[in-house]
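Kindly produce the complete structure, drawing on both the sequences and the hints.
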Amino acid sequence: MPVPDAPLTAGPDRSDAAGGPARPSRLDPAVAARLRRTPDGLVAAVVRQHDTGEVLMLAWMDDEALHRTLTTGRATYWSRSRQEYWVKGATSGHHQHVRSVAVDCDGDALLVSVDQVGAACHTGHHSCFFEELPVTPGGDAA
203 MPVPDAPLTA
213 GPDRSDAAGG
223 PARPSRLDPA
233 VAARLRRTPD
243 GLVAAVVRQH
253 DTGEVLMLAW
263 MDDEALHRTL
273 TTGRATYWSR
283 SRQEYWVKGA
293 TSGHHQHVRS
303 VAVDCDGDAL
313 LVSVDQVGAA
323 CHTGHHSCFF
333 EELPVTPGGD
343 AA
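Be aware that the sequence shown starts at 203, since it is given in the numbering used here, and climbs by one per residue.
Don't read these hints as lab results, they were simulated from the structure. Among the hints, erroneous ones may be present.
Distance windows between CB atoms, simulated [claimed, not checked]:
{"no.": "1", "residue 1": "Gly255", "residue 2": "Val337", "range": "16 to 22 Å"}
{"no.": "2", "residue 1": "Gly320", "residue 2": "Gly340", "range": "39 to 45 Å"}
{"no.": "3", "residue 1": "Thr273", "residue 2": "Pro336", "range": "39 to 45 Å"}
{"no.": "4", "residue 1": "Leu335", "residue 2": "Thr254", "range": "18 to 24 Å"}
Glycine included, C-beta positions come from ideal geometry on N, C-alpha and C.
Here it is as structure tokens:
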């Protein structure tokens, strides 16, 4: 989904974890410089409900997805499987209205606080984290 804005400028095409964007972006260079990306140019985005703190999902952003999120207020991600941008809710109607975005101390993760409309998970669950795993304290200690 195109977003009207300044023209795209090509960033460096690096393959190291601290490298620049693999795709052209309009992200503020000062923000881009704070990010530490995976080899494919992505940063993990942990998404939570802004008022309750409930963790809703984990997605991936490149520089342009972050730019679009920050400038439109609509959560925009990079789909690793489809190799394209997707705006949460564009097809499902389960929108994420962005309230804030924070970068962690290492620059390798983002915390996106949203107003979630409908389910966050593609399975229809409110959160993607609905399946608890058993924890056995004192179990197989090495």
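Against the structure, the hints:
no.	hint	result
1	Gly255 x Val337: 16 to 22 Å	holds, 21 Å
2	Gly320 x Gly340: 39 to 45 Å	holds, 41 Å
3	Thr273 x Pro336: 39 to 45 Å	holds, 43 Å
4	Leu335 x Thr254: 18 to 24 Å	holds, 22 Å
Of the hints listed earlier, there is not a single one the structure fails to meet.
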